[in-house]
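*Asks:* Chains as they are written, first to last, in UniProt numbering: chain A, 1 to 483; chain B, 1 to 483; chain C, 1 to 483; chain D, 1 to 483.
Check each hint, because a few of them may be wrong.
If several chains are the same, the list does not tell them apart, and a pair holds so long as it fits within one copy or across any two.
[Claimed, not checked] Okay, derived cross-link-like pairs now, DMTMM-like style, lysine to aspartate or glutamate, Cα gap no bigger than 20 angstroms in a straight line:
1. K440 / E41
2. K477 / E459
3. K472 / D427
4. K385 / D454
5. K284 / D454
6. K439 / E72
7. K385 / E72
8. K64 / D306
9. K312 / D463
10. K330 / D306
11. K385 / E77
12. K439 / E459
13. K342 / E370
14. K342 / E392
15. K223 / E315
16. K477 / D427
17. K466 / D339
18. K342 / D454
19. K284 / D306
20. K192 / E366
21. K192 / D166
22. K466 / D358
23. K88 / E74
24. K342 / D259
25. K342 / E46
26. K193 / D172
27. K330 / D462
28. K64 / E46
29. K342 / E74
Derived by calculation from the structure, the hints in this document are not laboratory data.
Protein chains: 4
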Amino acid sequence: MQEFTKFPTKTGRRSLSRSISQSSTDSYSSAASYTDSSDDEVSPREKQQTNSKGSSNFCVKNIKQAEFGRREIEIAEQDMSALISLRKRAQGEKPLAGAKIVGCTHITAQTAVLIETLCALGAQCRWSACNIYSTQNEVAAALAEAGVAVFAWKGESEDDFWWCIDRCVNMDGWQANMILDDGGDLTHWVYKKYPNVFKKIRGIVEESVTGVHRLYQLSKAGKLCVPAMNVNDSVTKQKFDNLYCCRESILDGLKRTTDVMFGGKQVVVCGYGEVGKGCCAALKALGAIVYITEIDPICALQACMDGFRVVKLNEVIRQVDVVITCTGNKNVVTREHLDRMKNSCIVCNMGHSNTEIDVTSLRTPELTWERVRSQVDHVIWPDGKRVVLLAEGRLLNLSCSTVPTFVLSITATTQALALIELYNAPDGRYKQDVYLLPKKMDEYVASLHLPSFDAHLTELTDDQAKYLGLNKNGPFKPNYYRY
Amino acid sequence: MQEFTKFPTKTGRRSLSRSISQSSTDSYSSAASYTDSSDDEVSPREKQQTNSKGSSNFCVKNIKQAEFGRREIEIAEQDMSALISLRKRAQGEKPLAGAKIVGCTHITAQTAVLIETLCALGAQCRWSACNIYSTQNEVAAALAEAGVAVFAWKGESEDDFWWCIDRCVNMDGWQANMILDDGGDLTHWVYKKYPNVFKKIRGIVEESVTGVHRLYQLSKAGKLCVPAMNVNDSVTKQKFDNLYCCRESILDGLKRTTDVMFGGKQVVVCGYGEVGKGCCAALKALGAIVYITEIDPICALQACMDGFRVVKLNEVIRQVDVVITCTGNKNVVTREHLDRMKNSCIVCNMGHSNTEIDVTSLRTPELTWERVRSQVDHVIWPDGKRVVLLAEGRLLNLSCSTVPTFVLSITATTQALALIELYNAPDGRYKQDVYLLPKKMDEYVASLHLPSFDAHLTELTDDQAKYLGLNKNGPFKPNYYRY
Amino acid sequence: MQEFTKFPTKTGRRSLSRSISQSSTDSYSSAASYTDSSDDEVSPREKQQTNSKGSSNFCVKNIKQAEFGRREIEIAEQDMSALISLRKRAQGEKPLAGAKIVGCTHITAQTAVLIETLCALGAQCRWSACNIYSTQNEVAAALAEAGVAVFAWKGESEDDFWWCIDRCVNMDGWQANMILDDGGDLTHWVYKKYPNVFKKIRGIVEESVTGVHRLYQLSKAGKLCVPAMNVNDSVTKQKFDNLYCCRESILDGLKRTTDVMFGGKQVVVCGYGEVGKGCCAALKALGAIVYITEIDPICALQACMDGFRVVKLNEVIRQVDVVITCTGNKNVVTREHLDRMKNSCIVCNMGHSNTEIDVTSLRTPELTWERVRSQVDHVIWPDGKRVVLLAEGRLLNLSCSTVPTFVLSITATTQALALIELYNAPDGRYKQDVYLLPKKMDEYVASLHLPSFDAHLTELTDDQAKYLGLNKNGPFKPNYYRY
Amino acid sequence: MQEFTKFPTKTGRRSLSRSISQSSTDSYSSAASYTDSSDDEVSPREKQQTNSKGSSNFCVKNIKQAEFGRREIEIAEQDMSALISLRKRAQGEKPLAGAKIVGCTHITAQTAVLIETLCALGAQCRWSACNIYSTQNEVAAALAEAGVAVFAWKGESEDDFWWCIDRCVNMDGWQANMILDDGGDLTHWVYKKYPNVFKKIRGIVEESVTGVHRLYQLSKAGKLCVPAMNVNDSVTKQKFDNLYCCRESILDGLKRTTDVMFGGKQVVVCGYGEVGKGCCAALKALGAIVYITEIDPICALQACMDGFRVVKLNEVIRQVDVVITCTGNKNVVTREHLDRMKNSCIVCNMGHSNTEIDVTSLRTPELTWERVRSQVDHVIWPDGKRVVLLAEGRLLNLSCSTVPTFVLSITATTQALALIELYNAPDGRYKQDVYLLPKKMDEYVASLHLPSFDAHLTELTDDQAKYLGLNKNGPFKPNYYRY
C-alpha cells in the first residue's frame, strides 16, 4: 500500500494497482476480443488526427475506428438504462452546468456512457486511462469523434501513461473543478505537479480500494485539501461488485479456463466475506461440496449456519479438487499446501490481490511449469502430480471472466451522483475529508436500477411514515444497517 | 412506543411489549407443554415455602417441582455449551465476584442456565419475570431450590408482576450494582421508586427492542444516569434472532398451524429485511413462488438479485396463497387487501408487532370468525370465502413455533459478556450512554459457539496479522462491516 | 410380508401393516386433535342409531357428531378441487352408474370427499376402516348422515375390525362389483369368506405397498381371479408421497418432536431413493451438512452430483447430529452404531418400516429409556450419553407430522380414476392380473391438480403433434420415461 | 428422421445429424482452440505418411502432431479414471481378445482414451470420424503413431467422409466383428456396401439418438440382422448428458456468448424434461426468475412443486429477458413470439435440434441481422428492437460451451462395457434386436466413477440381501425404477 508521495515506477505494478476494484478493470478482458492487436505500430502521440468536426483535441489510436466504437457504446447503453434515465431526469436543470471534470478511469464502452452522461448534464470532460492495457481503442475513438478530449490507447508505455494524464490536466484556458479518479494516479499527479489546481477543485470522486486508501492516508496526515467521496464503499456497489458479481464470475472463470464439472467437486474456499459468500452460494447450488476456512469467528458462524464445514486448510488440502482464496490476506495458500494437494487440483484467487497464493514459492527448479491455455498453467511435481494454477494467482474474475454491464452501471451511476452531489453541495457541507455517499443517494442509485427488473416499489402512506418516523422519500435505514 | 415516565397499566399490553424480542419470549410456547395448568389456585404470595436448605428467600408456584425443573435445566445445558464453556474459562478468576445482579427476564430453562452461570462467575442474583405468562414454574422452583432468589410464576396478575420486581430490588442489606433487563420494566421501576439505587449501579444490560428504545430516549433526554449496553443489536444476536431463526420458524409456524404444503404455493412476503430474507430463502427452497413488497430500493434490489419479483401488494393479492408480513410497519395488509384475497388464503405476521395486519378491520358484523384450531381463525366473508388468519396477526413464531435452545444460547452468552464487560470496565470507559457490545466481545460470543459445529478457526500468522494491520486475536472487522 | 392365506391376528401388527403407505395413514395423526377421546364407552355395535332420514344402515360412534364432521369434509373439499372438478366433468354421464363399491380405507375427511365423489358419479358405497385407530368419528357420522353405509369408529377391537368389514360385504340384496382396498384386508376377507362374490367383481383397486405386494403374490400363484389396479406405483402418487411430501415432512417431523435447529447440523441420511432425495434437498436448503450412505452405485452417483458426500455410516457416525434412515432395508442402524453416536444425537426413520433402526438392541438393562415428550425417547448410556430416538424407530412422518390434504387429493383422484377405468373397461382389456394405471390416466390426475397452482398447459398444434408422433391429448411419454 | 435406405447427401445436414447426442459432438467446440486451421492445404489422402514404427496404415492430417496429441490424451486420462480402472481390472483376462472393432465416432482426446482402452483389453481397432469438423488432428496423429488404424481429419469433404469409413471397413485380410457407431453412418455404409460383413458381426453399439432411432426402425422392419445395444438410453448416460450436464452448460453457454448477469433476470424455459430441469435448477440457483411452458401435465406438476410458474409462452413473452427451448419439438418459438419480445431479449435452444426456434421466419427483408460475436446475432426490428439470437437456434451447449471430460467418460465407459457384453455374450442371449444395457452394467459404469468423488458404497450384509430379495452385487433396482 503506497502513499501519494511515492512515485510508482513499475509498469507491471501499475496495471495491478487497480485490479483491486473488480468492476473497473474486469471489463477489459472482454474488450480484448474486438480490439485488433495487429494495428500499425506508430505511436498515437506522433500521429496527426482530426475528427469529422475538425477538432484534434484528443489522442487516440485511430480516429477511424469511431463508428465501431459508437456501436459498442450503443449496445452498452441498453444495459445502462439508469444513466440514460439520469440524463432524462436531470437534463432540464443541467446539474453539472459549469463543471469541468478531469477523469482517469478505464476507457470502455461503459465508461463512455458515463462520460457522455456527464456531458449531457452540462459538464466539460477531459479524460485519460487509469490502466495502460484496458483502453478499448474504438471506444476512445468514438468519444474523440463526439468531441470529448480523450487521451488514451491500449498498450501505453509508462511515459505515455503520465503524458496522457498531463494532457488532461494541463491545458491553457481550461481548469478542472472536479476530479473523477480510479486508482489515485490522477489525483497523485495533480498533487505532485499542479497543486494550485486544488484551489478550484470542488471535490474528488474516487472508486478504487487503492485510491480510497490513499485518500484516507492523506486525510489522516492532514494533507487532503478538498472534499473526497469514497464511492467504493457504498452498499449497492459493494453488494454488486462482491456478493452478486462473484456468485456468477466464479463459475464463469472456472469454466472458461478449465471446463471443470462442478457437480460433486470438493472445494475449499478461504475466506467467508462477501466474495466468499458469493462463491460458496454458487458452487453449492451447482452441486459442489464446499469447505470454508476463516479467521473471524462471526463469519465462521455464518458459514456454519449456511451449511458449510469450517476447517483449517490442512484438514482438507489432500482431498479437495479446487482451492479458492478470497481473504485479502497473503500467503493463505503456501508451498506446503501446494505440495500436499492431489493431482489435478485447481488453485485460483478471487480475493483482492495476487498475494493470497504464494506463487513465488512454486518457482523452484524441481517444478515444471506448462502453459496449457491462456491463463492456465500446469505446475508439475517430480512425481508427475499436476496442480492447475489459474491466472498465476491473480484475480480470476479480472483475468478470466467478464463483468456484466449491469454491474458497471451501478458503479457508473454512483460516480455520476457523487459528482453531482459534490459539485452542487452548499459550501461547508463537505470539509476536507473523505465521505461516503449519503444513504439517500445510495438508495437513489438502487431505485434507478429497479426498472430493469420491472420491480415496483411500495410507497409509504403519510400515516405509516409517521409511525416509522421516516421521510416518505427515504433514507429508510440507519447508517449502521447491515443489509 | 412509550417512555419510562408513562406507567404501563394494561396487562394485555405488557405481555406484548416484549414480544418484539423474539428469542426472549418465544420460548414460553414450548414451555406450555409441560407446565401443569391445573395446579392449585392458591397465590404463591400467600404460600409458605422453604427449600431443602431451609431458605425461603424466593416466591415460586411450587418448590416441590424443583427436581423436574432441574432436569429441564440439564437438558438445556446440553445445547448451551457456550455458557458452560464460559463457566470453565472464567471460573478461576470469578469475573463477577462482588456483582449483585438484579434481573428481570423470561424465566425458562435457558435463562436458568444463564443465571447459574452468572452465579458460577461470582455474582449474587435476584430475579423476576418480565412476562406474566412465560415463567416455567418448575424451572423457577429449581432455581429457588438451588438458592437463587427468584420471584416469579406463570399467570401473575398485574399487581403480582410489580410486587415480584419490587421484591428483587427492595431488600434490606442487599443492594444491586448491575441490572439485566428485558423490556425495561425493571429499569423503569428502579427509576420510579428507588432512584438512589442508581448510585451503586455500574451498568444496565438490556436485551429487547422496546427496552433499548426506552434507553435511547432516556439518553437523548439526558436522563440516563448509568452506562447501558444494548445487546439487542449485536451482530451475532441479530443474525440468529432474525435471519437464521426465521428461516426455520416460518416453516415450522405455518406447518404446525395449517399443515399447508409449501410446494408450488404462491406467497407474498412484505418486507425484505433480515426477517424477510430468512422467510423467503426457506420458502423458495421448499418450492414456493415468492413475491416481495418493499419500500426501500436497496432491499428491493437485493430481492431482485436473489430471484424474487418485487411487486406492490395489490398486484398479486388476488392470486397468492399465503401473505406474510415482516416490515415493522403498520397496516401493511389492509381490509381492502383482505377483501380481495382468494378463498383459503393464509395471512400471518413475522414482523415486530401485531400492527402489520389490520386485524381490527376484520371485526365487522358481516364477517364471521371461526376458531378452527388453537391460533387459527377462519374469517368468513358473506359469499363463503375464508381467510385463514394465524395468531390473530401477532407474531407467528412467537405464538406457533419454538425457538431452538441454540439461538437462546447466543443471546444468553451475549448478556453474560455484557455484564462482565460493564462490571469490570475501568472507570471512564463507559459514560452515561447506550453502548453496543464491543466487536471483540461479539466475536468472542461467536467463537464460544463454534465448537457445537465442530468448526475450526484459522489463526493468523504474525506476518499475516502485520500485513492486514490486525491484532491476531481480533477484532477482525471494522465497525461498519456489514457481514 | 404375509400372504393372504395367513390370517392376521395381532391388533398391533395390523395398525402397522398399512403404515407403509404414507398418505393413507398419516392423516390420522392430525385427526387426533379434534376427536374427543373422553367419549362414552358403549360400543357402537350395541347402540341403536338412526340418521335424520330414518336410516340405520351404518355403525358409527355417534351420529350426532355429523355436523362437525360435515364441516371437516367441507374444509377438505377446498384442497381437493381435483375431485370436485371430476364430479363436475363426469357427473352428466355418471360413469359409475350401477357400480356397487365396497371400500376399506382410513376414514378421514379426505376419504369422505372421495367416497362422496364416487356416489356423485353414480356408485353405491359400503365402507369400513382399514385401521382400528385412524377413523375420524365425526367424519364417519357425517357420511352416515349423508346416507353412506359406513361401519367404522376409532378404537375398534380386532373383532370389531372384521365385523365391520363383514357388514360391508355381507348384505342381503346387495352385492359388490368393485373393491377399493388399502392394505388388502378387505380383499383377504372376501377371498376367505365369500369367494363367490368375485364372480361379480369387475376389479380391485389397491393403494398400499402391502396390499399390492399381496396381489402380486396372488397373481404369481395363479390365484388372482379378477383384474387389479396397483395405484401405489403411479408416477404422480409416488412423487408426491415420496419426494415432495418427504421434502416437507422431514422438517416438520424433526421440529415438532425436538425443536432442533437445522442450520449447521451434520446429518447422515441412509438411502438416496425418492424419500432420501426429498429429505436431503430440504435439509441442505436449510443449512444442514448432509452425508449419504447408499448401496446402489447409480443412486450414489446422483448423490455425488447433487452435492453430498457418500460415505459408509461408520465413517461419520461419531460426528453427526442426526441420523435418518430411508432405505426400506433392515438393521441399517445397529447397536454398534448407536453405541458410537455422540451425545444428543437424534435418530429417526423415514423409510418403509420400523426395521431400519435396530431398536430392539436398545432394550438392554444398562440403557435407561426416558420418555421426554410424546414420540420422543432419550436412551441413556451408563456414561450419561443420551440418544434421542423418535417414534421408537417407526415412520417419523407417520407419527410426528401431518400430510397435506393436497397430497391425499392426488391419491384419492387416482383411486377414483382407477375405479372408473376398471368398471368401464371393455371385456378383455384387463385380465386376471395386476395393472398399473394407464399413463394417460396418470396424466389426467396431474392435469386435474394443475388449476390449484394456476398453471396453464400448452397445447400441441396439429403440426407439432404430427412432428412428435403424439396424440394431442397424450399420453406424452413412453412408459419407461423416468420423470 | 431418415431411414438407412436414404443416402444422406448434404454435408451440412450430416454435421447436424449427430448434434442430437450432446456429449458426442460438443467436445469439438473445445477442440477448436488448439487445432491450427492455417495448416497446409494438401489433402491427407494425397500425403504419404509413416509413423515412427514404419506403418502407414492410417490417414491423418499430420503425423508429426502426434506428440502434442499424446499430451492431450494424457490430460484426458486424468479425468477418465473409470476407463483406466477398467483397463486394470480387465487386462489380465483380455475380454476383447479377438475382437475386431470398426468404429465411427468423434475423434477427440476422450475417444482416444476409449480406443486405447479397447486395444488394451485385446481388441484390434479401425476408426473413422462421424463428423467432418470434429476431429482433433493432433489426437488422430497420436493414435496413428500408437498403431491405431485411424482415418480422419478436421474439414473432410463429403467424399472424404465416406472414403474414410470405407477404408475402415474394407480391408483385405481383416474383417470386423464388432461395430461402434455414433450416428449410424458406419452401420448404414456396411448395410449398403458390405452386407456380408454382418455375418461375422457379433453386435452393434450405437450411441446417438439418431442412430438408435434408425436401429429401432430397422428392427421394426425386420431388417436388423445382428444384436444392437442402445447405450444412449442408459440411466447414467441420460442423467449426465441431460440433467447434470445442462445444469452447468446453460450457464456457461449464456455467459460465454453474452456475459449476461443471471441475477434478477426473467427467463422462460420451454419444456421441463431432464434438460429443462437442469437449466431451471441452475438459473433459479443463481437468482433468475424462471417460468415454464409444458405440454405434459405430469412434468407441469413437477414444475409447480419445484417452485416454477407454469404458463403459456404468450403470457410472459413480453416481459422475459431470456427464452430457452428444451422441448424436442418444433416451432415452439414462432415469429409471432419473436415479434413480441422486448428489446435485448436473448433467445437460445438447449433442446434436441435446431427446429425449436423458427429461425427461418426471421429471414425477412424488414429485419436486419448483425453478427456481434461468434455465435451471437442481433436481429434488429425496424423500430430498433434487437433480439439476441444464439447459435442461430442450434444447440447452445453444442456450439457455445464445452462438455466436461467426466461426462464423456461416462459415455465412453458405457460404450466399452456394451462392447464387452455383446462380444462375450453366450449365443442366444441377444437376438436380432435393440437392447438396453443390462442394469447391472449400468450400475457398474456408475461404480467405476465413484472413486473420482471419493465416494464409498455400503455393502449389503447377507442378512439384508436376503431380506430385500437382492443379490449383494446388484442389480439393486427393478427395470422400471425412475431414479
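*Asks:* Any hints from earlier that this structure breaks? Give me their numbers in increasing order, please.
*Replies:* 1, 3, 6, 8, 10, 15, 16, 17, 20, 25
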